[in-house]
Amino acid sequence: PLNVLKEEKKCYMWLYCSGADSPESALPNVKNIALYDYQNSRARACPVDFLGDYNGYLQTDGYAAYDGLHHVTKVGCLAHARRKFMDAKKLQGKGKSGKADKALAKIQKLYGIESRLKGAPAQERKAERQALAKPILDELYQWMTTQKVIGSSPLGKAIKYTLGQWSKLIRYIDDGHLSIDNNR
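When you line the sequence shown up against this note's numbering, it's residues 33 to 216, in that order.
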């Protein structure tokens, strides 16, 4: 937490980043910038006011405030979806295998592909993602849509979140400049 002197109410720090995931990434001509925007709320007006008419990619979690940004192309964060499946896995019991493991295994394969593509040119990343990641994503989608789970269970919540973000989560395979997640 950020300790702000004489603050009367809870406030929030919005983080906006540009550039690549790391200095060694596949985007050598794009500078890394991190900007912290201190606001008194988590309202939709914060990113709308800050980003204005920006019309590029915006990679975020599933927080609904970003839905008010109509000029951006939204990209999801697979790490956020993965975390929800990890929460479901914790309830399976130590050393036990369950349904969450099936989703996590597919997600791990996707991260394995990204690891192998680190430093590759954007065109190669896109081609490899289309060839290797797309079939895994298709399998994951098929698996999620056929599961019979209680919606309020951790696994049900993980599946609901992931399906709700699906078009944003898979967008990274269509552009080699994009990342699988917004972890830095």
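Honestly, I wouldn't trust all of these hints.
[Stated by the list, open to error] In silico lysine-lysine, BS3-like type, Cα no more than 30 Å apart, as pairs:
(1) 180 <-> 122
(2) 116 <-> 38
(3) 134 <-> 63
(4) 200 <-> 138
(5) 180 <-> 150
(6) 138 <-> 150
(7) 122 <-> 158
(8) 106 <-> 141
(9) 63 <-> 38
(10) 128 <-> 63
(11) 138 <-> 126
(12) 121 <-> 38
(13) 131 <-> 63
(14) 166 <-> 200
(15) 116 <-> 180
(16) 126 <-> 141
(17) 128 <-> 166
Since the hints were derived computationally from the structure, they do not count as laboratory data. Just so it is clear, the structure is predicted and the values come from calculations on it, not from any experiment.
(message) For each hint given before, does the structure comply? Return the numbers of the non-compliant ones in rising order.
(response) 2, 3, 5, 7, 9, 10, 12 and 13
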